[in-house]
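Top to bottom, those sequences are chains D and B. Each number in the working numbering corresponds to the 1-based position in the first sequence with 4 added. Each number in the working numbering corresponds to the 1-based position in the second sequence with 4 added.
I should point out that these hints are in silico values taken from the structure, not numbers from a laboratory. This one's a predicted model, so the numbers in the text were calculated from it and none came from an experiment. Errors might be hidden in some of the hints.
Copies of the same chain are indistinguishable here, so a pair counts whether it falls within one copy or spans any two.
To be verified - Quick list of in silico lysine to any residue cross-link-like pairs, SDA-like style, CA-CA up to 25 Å: (1) K126 with D65; (2) K87 with V98; (3) K126 with A152; (4) K126 with R136; (5) K126 with A42; (6) K87 with A41; (7) K87 with I52; (8) K126 with T43; (9) K87 with F176; (10) K87 with W10; (11) K87 with R32; (12) K126 with L49; (13) K87 with L29; (14) K87 with S200; (15) K87 with P130; (16) K87 with S156; (17) K126 with H83; (18) K87 with S128; (19) K126 with F195; (20) K87 with S170.
There are 2 protein chains.
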Amino acid sequence: MMTLHWSPRSPYVRKVMIAAHEIGLADRIHTVRTTVAATQPHAELMRINPQSRLPTLEAEDGTVVYDSPVVCEYLDSLHDGPKLIPAAFPERLVTLRRQALGDGMLDTLLMWLGERFRPAEKQSAPHIDAWRVKTRASVDALEQEVPALAASRFDLGHIAIGVALSYLDFRFPDERWRDGHPRLTDWHAGFDARPSVRANVPVDDL
Amino acid sequence: MMTLHWSPRSPYVRKVMIAAHEIGLADRIHTVRTTVAATQPHAELMRINPQSRLPTLEAEDGTVVYDSPVVCEYLDSLHDGPKLIPAAFPERLVTLRRQALGDGMLDTLLMWLGERFRPAEKQSAPHIDAWRVKTRASVDALEQEVPALAASRFDLGHIAIGVALSYLDFRFPDERWRDGHPRLTDWHAGFDARPSVRANVPVDDL
Numbered sequence: 005m006m007t008l009h010w011s012p013r014s015p016y017v018r019k020v021m022i023a024a025h026e027i028g029l030a031d032r033i034h035t036v037r038t039t040v041a042a043t044q045p046h047a048e049l050m051r052i053n054p055q056s057r058l059p060t061l062e063a064e065d066g067t068v069v070y071d072s073p074v075v076c077e078y079l080d081s082l083h084d085g086p087k088l089i090p091a092a093f094p095e096r097l098v099t100l101r102r103q104a105l106g107d108g109m110l111d112t113l114l115m116w117l118g119e120r121f122r123p124a125e126k127q128s129a130p131h132i133d134a135w136r137v138k139t140r141a142s143v144d145a146l147e148q149e150v151p152a153l154a155a156s157r158f159d160l161g162h163i164a165i166g167v168a169l170s171y172l173d174f175r176f177p178d179e180r181w182r183d184g185h186p187r188l189t190d191w192h193a194g195f196d197a198r199p200s201v202r203a204n205v206p207v208d209d210l
Numbered sequence: 005m006m007t008l009h010w011s012p013r014s015p016y017v018r019k020v021m022i023a024a025h026e027i028g029l030a031d032r033i034h035t036v037r038t039t040v041a042a043t044q045p046h047a048e049l050m051r052i053n054p055q056s057r058l059p060t061l062e063a064e065d066g067t068v069v070y071d072s073p074v075v076c077e078y079l080d081s082l083h084d085g086p087k088l089i090p091a092a093f094p095e096r097l098v099t100l101r102r103q104a105l106g107d108g109m110l111d112t113l114l115m116w117l118g119e120r121f122r123p124a125e126k127q128s129a130p131h132i133d134a135w136r137v138k139t140r141a142s143v144d145a146l147e148q149e150v151p152a153l154a155a156s157r158f159d160l161g162h163i164a165i166g167v168a169l170s171y172l173d174f175r176f177p178d179e180r181w182r183d184g185h186p187r188l189t190d191w192h193a194g195f196d197a198r199p200s201v202r203a204n205v206p207v208d209d210l
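Looking at chain D on its own, in the form it has when it is part of the complex:
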């Protein structure tokens, strides 16, 4: 068994779990609930990942693997079915660029969320404004990309983008990202109905 340092709230962990489900490896992963917070590094996790980040995977031979793009690539190397990351360019590049956009959206949303946990007098309106601008621009760009997304085989790029949009639902419902984005709304409904996605619904247990 592999061991995954895991949280039901982390969207990067969700990416990995959806990927594992899609390629039939979820049963080989033992998840360990691990709580990391911006102001509370996790001392035990830092022994194997000094940046105290989720997801961190321990492979069966003890090899430590992080962050989520590396964990996903590693898992994708362990099976012989259709790959989540195409081996050949230019398809590979499209998938990796989409993953970078989804992960970038999540990086921005995590900073934005973290801001809310600061005392009110330490929150920065210019930062929040910039995060909102980047988020809206990303959703606008994805609306334009829907035909290409829908035409390409479901892979890690789709997972990263779907998870990022779902994280908007989970933490930023007031942003109403679906407004003015009908094609992306439809595409995301299809994403959200996949068994791999249904099996890994975020839970706010704190």
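Use these hints to put chain B onto chain D, whose structure you have.
Coordinates of chain B only, in the frame set by chain D:
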């Protein structure tokens, strides 16, 4: 020619430029000075990268490539010499995990630096403490990894780690990361002497 949206201060851009130099592709990259700031998304850059991040590369056929790990992997596909990212596991996994550690250190240091630009009353001491803890833990871990680093062929993992340590010198000299880390100090001196690294020294021009 490829076009790289570039800044002399961005460590992620520096990673890409060092990588391009190492594999002999620097002459094929036209750099365009692009200024992005946490609170000032770059409207023109966002047309091709809605997260407004550096580096963003436009390939010769117009394909847009980001973030830095994807740009590096793309550049590494364009030449026939020794690769910066090994094709085969487990070597590939070691390189990608090292890159994730170097990039993770940079993510932390960029947030820490950004905090300094906030008004004093909006700066958060618990966040700064946590960033310092993660940074010190990362340097401690790298000190232990020096024998393995030195024994493996120079690749993208070494570049990411070297750039992260150099960024500590550039922005956080008071942290004195070399104290208590003699092997890492020696390893970094060798990194810093490489022509590719010398050709891409950070400049604070603002």
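A quick look at each hint next to the structure:
no., hint, in the structure
1, K126 with D65, "neither (45 Å within a copy, 45 Å between copies)"
2, K87 with V98, "both (14 Å within a copy, 21 Å between copies)"
3, K126 with A152, "neither (42 Å within a copy, 43 Å between copies)"
4, K126 with R136, "both (18 Å within a copy, 19 Å between copies)"
5, K126 with A42, "both (15 Å within a copy, 16 Å between copies)"
6, K87 with A41, "neither (33 Å within a copy, 37 Å between copies)"
7, K87 with I52, "neither (28 Å within a copy, 27 Å between copies)"
8, K126 with T43, "both (14 Å within a copy, 15 Å between copies)"
9, K87 with F176, "neither (32 Å within a copy, 42 Å between copies)"
10, K87 with W10, "within (23 Å within a copy, 33 Å between copies)"
11, K87 with R32, "within (18 Å within a copy, 32 Å between copies)"
12, K126 with L49, "neither (29 Å within a copy, 29 Å between copies)"
13, K87 with L29, "within (13 Å within a copy, 30 Å between copies)"
14, K87 with S200, "within (15 Å within a copy, 35 Å between copies)"
15, K87 with P130, "neither (41 Å within a copy, 42 Å between copies)"
16, K87 with S156, "within (13 Å within a copy, 29 Å between copies)"
17, K126 with H83, "neither (48 Å within a copy, 49 Å between copies)"
18, K87 with S128, "neither (42 Å within a copy, 43 Å between copies)"
19, K126 with F195, "neither (37 Å within a copy, 39 Å between copies)"
20, K87 with S170, "within (23 Å within a copy, 37 Å between copies)"
The earlier numbered hints that this structure contradicts are 1, 3, 6, 7, 9, 12, 15, 17, 18, 19.
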